[in-house]
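Novice: Sequence:
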Amino acid sequence: MAEITFYAAECMEFPEQMGELHENLTLPEAVDVYMWICRRNRSYGPGIGFVLQDGNIPDYSGTKWPLYQGRGIAQDMIDLIPAYRDHPLVKQAVEDMKPHLEKLEGERKEERGMERSGGLGR
Numbered sequence: 007m008a009e010i011t012f013y014a015a016e017c018m019e020f021p022e023q024m025g026e027l028h029e030n031l032t033l034p035e036a037v038d039v040y041m042w043i044c045r046r047n048r049s050y051g052p053g054i055g056f057v058l059q060d061g062n063i064p065d066y067s068g069t070k071w072p073l074y075q076g077r078g079i080a081q082d083m084i085d086l087i088p089a090y091r092d093h094p095l096v097k098q099a100v101e102d103m104k105p106h107l108e109k110l111e112g113e114r115k116e117e118r119g120m121e122r123s124g125g126l127g128r
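Numbers given in the numbering used here equal positions in the sequence shown, counted from 1, plus 6.
These are computed hints drawn from the structure, not numbers from a lab.
Note that this is a predicted model, so its numbers are computed, not measured.
All C-beta atoms in this analysis are idealised placements derived from N, C-alpha and C, irrespective of residue type, glycine included.
Every clue listed holds true.
Heads up, simulated EDC-like pairs for lysine to aspartate or glutamate below, C-alpha to C-alpha not over 20 Å straight-line:
#1 K97 <-> D60
#2 K109 <-> D38
#3 K70 <-> E26
#4 K70 <-> D92
#5 K97 <-> E9
#6 K104 <-> D92
#7 K70 <-> D82
#8 K70 <-> E22
#9 K104 <-> D85
#10 K70 <-> E29
#11 K104 <-> D38
#12 K70 <-> E9
#13 K70 <-> E19
#14 K97 <-> D65
Computed Cβ-Cβ distance ranges for the label pairs, DEER-style:
#15 E19 <-> A89: 18 to 28 Å
#16 M7 <-> R77: 27 to 37 Å
#17 P64 <-> E111: 33 to 43 Å
#18 M7 <-> D102: 12 to 22 Å
#19 E29 <-> K109: 18 to 28 Å
Go ahead and model the full structure; you've got the sequences and the hints to work with.
Specialist: This is how it looks when you write it as structure tokens:
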């Protein structure tokens with residue numbers, strides 16, 4: 007039986023080598039941890055990813071892959087791997103991520119305002 011879990015990473019390019027990595031989360035938990043990471047430090051390119059466990063796709067099962075990074079859903083990255091693009095759990099994760107986008111965009115706007123006012127200590 008296939009299963010999907012989520013992670014929030016301080017650095018999506020090197021999630022296990024740079025910064026914080028929080029694994030085995032639900033999607034709402036990953037969103038909350040991502041927002042917490044962003045409030046503390048955004049310099050490494052944080053994001054939210056998924057780990058799909060599916061014995062029917064052994065080449066891609068258990069691999070960390072981006073779901074949200076930069077400015078939105080990482081659809082272009084998901085589309086690179088047809089096994090992810092077409093998998094029902096990944097498709098559902100993309101749909102489940104959409105309601106969180108407004109909250110995440112609000113977080114980015116708040117951060118940009120703090121940067122302009124010098125509120126982030128820069």
